[in-house]
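All chains should be built: construct the whole structure from the sequences, respecting the hints.
Chains A and B supply the protein sequences, listed in that same order.
full-length UniProt numbering puts the first sequence at residues 1 to 270.
full-length UniProt numbering puts the second sequence at residues 1 to 270.
Hints in this document: simulated from the structure, not taken from any laboratory.
A couple of the hints might just be wrong.
Chain copies aren't distinguished; within one or between two, either way the pair holds.
Unchecked claim - Calculated cross-link-like contacts (lysine to aspartate or glutamate; reagent style DMTMM-like; alpha-carbon spacing at most 25 Å):
| # | residue 1 | residue 2 |
| --- | --- | --- |
| 1 | 46 | 269 |
| 2 | 216 | 198 |
| 3 | 235 | 220 |
| 4 | 77 | 195 |
| 5 | 144 | 23 |
| 6 | 202 | 24 |
| 7 | 134 | 195 |
| 8 | 202 | 19 |
| 9 | 46 | 135 |
| 10 | 46 | 34 |
| 11 | 216 | 245 |
| 12 | 11 | 123 |
| 13 | 102 | 239 |
| 14 | 116 | 136 |
| 15 | 202 | 74 |
| 16 | 140 | 161 |
Protein chains: 2
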Amino acid sequence: MSEIDTYGVGKVICSGNPEFQKDDLVAGLLTWGEYTVAEEGRLLNKLDSMGLPLSNHVGVLGFSGLTAYGGLFEVCKPKKGEKVFVSAASGSVGHLVGQYAKLHGCYVVGSAGSLKKVQVLKEELGFDDAFNYKEESDLKAALKRYFPDGIDVYFDNVGAEMLEAAVANMNTFGRVGVCGVISEYTNTTKRAAPDMLEVVYKRITIQGFLALDHMKVYGEFLSTTAEHLKTEQMKSLEDISHGVESIPSAFVGLFRGDNVGKMIVQIAED
Amino acid sequence: MSEIDTYGVGKVICSGNPEFQKDDLVAGLLTWGEYTVAEEGRLLNKLDSMGLPLSNHVGVLGFSGLTAYGGLFEVCKPKKGEKVFVSAASGSVGHLVGQYAKLHGCYVVGSAGSLKKVQVLKEELGFDDAFNYKEESDLKAALKRYFPDGIDVYFDNVGAEMLEAAVANMNTFGRVGVCGVISEYTNTTKRAAPDMLEVVYKRITIQGFLALDHMKVYGEFLSTTAEHLKTEQMKSLEDISHGVESIPSAFVGLFRGDNVGKMIVQIAED
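Next up, the structure:
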């Protein structure tokens, strides 16, 4: 059980802990279900909704947001004007990465797995461009087309051929932040074999990371992101299913790539 | 023609440039041959031999040394007590990396391609251990044997299967400095396909570099290394062939892996 799978928001019904009162909102590790008993020592904090929807606190203001923010700014360190490529760009993390990079003054292109997702990226989220990787037979050539001057930052959510193609199109001192490896989750034989000669000659850095490594920027991430949401400079894409009974189909959809944005299961009304 | 191929040391015979006098020693880009005319603008500097053999200035005090020093300390950033693995460890760069890491207080294991090279690493250069990769059918298992507590730093000169095996044995927050890709020089289909899931979960950084990126530590590198050589805390392995006619066989030997240490062609006596 990882903190992502069961990260959630809930409301206190009753409490034997003086730090929590009835009707307090909490965020943290919750057991799937309509009710849960949180024992002492559970990672659970009082939640200030900051006037934003509770669903925001599960995604854009939760671990997905911190992963995007920490991975982009602490690992990939884009400079204003740099060219940023994001794969799985309509996913829970990817769609936030692209928006952070745009707000930072970068040129941003995303890849996704359907026409609908590509449209969302370009029309709703302000990506400079986007493409459906399933319609590209040669990913290296596709990236060359979208980045004629090369890629400076690649936020990698998928691994495999896309990573190889990105490295081939990378500029000198390019940075790859490896956030996820969707290609390997369901097929463990799929591997990326980027050309290490290019890694040397172009002095590329490929770095894996987890959101937890970036807790030091949590405060900054939370205030910046809440502000972007309130001023509508940033959107949170949320794909919400309803009820305990929707959990299995939500998971299946997640691994099939059905979701656009953060997949959330809502069990109770606000 | 790259700066490595023709980096050399020479003596001025006559000069029309007031900065250089007859009998001055110079180091920099030289054309292969007994004599060469260096035109204005050529990358060439006066050389202070610091009382050390001229051959040292081609290798350990030249680009091989700067590559080892910059790559290890600026890219891999080992801490005292960390476990360091070096491939092609008896090569021009590798044998220096291992010695720098030992002087820094690290545990160092090297791989090389012959028993003789392995003996040199252990008996002459003070590596904690070394092995002949040609005698290992399973590199992952071999590294597990030499690093039961995992690898913190891998200085990669070879790429391919060795990089995969090192990533598999890497500790959390491990660093791979990619200096060279010997496996690809003579076989362009050989590729490393490290498990990117491990790169994410273990937050591994894989970074390519060139010596030229580290000119800012050149002064520090030169004084530190000259001191280590004078106090005999460090040895320079040099494989010297003699005469212009030995150039082709020296190159063939280099790519076949015959050399132990820096391959140098000496054309004239000091």
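Each hint tested on the structure:
no.	hint	result
1	46 - 269	within (18 Å within a copy, 78 Å between copies)
2	216 - 198	between (33 Å within a copy, 23 Å between copies)
3	235 - 220	within (18 Å within a copy, 50 Å between copies)
4	77 - 195	both (23 Å within a copy, 24 Å between copies)
5	144 - 23	neither (54 Å within a copy, 53 Å between copies)
6	202 - 24	neither (52 Å within a copy, 36 Å between copies)
7	134 - 195	both (23 Å within a copy, 23 Å between copies)
8	202 - 19	neither (53 Å within a copy, 35 Å between copies)
9	46 - 135	neither (45 Å within a copy, 59 Å between copies)
10	46 - 34	within (19 Å within a copy, 78 Å between copies)
11	216 - 245	neither (37 Å within a copy, 61 Å between copies)
12	11 - 123	neither (36 Å within a copy, 67 Å between copies)
13	102 - 239	within (23 Å within a copy, 54 Å between copies)
14	116 - 136	within (16 Å within a copy, 51 Å between copies)
15	202 - 74	both (21 Å within a copy, 17 Å between copies)
16	140 - 161	both (9 Å within a copy, 24 Å between copies)
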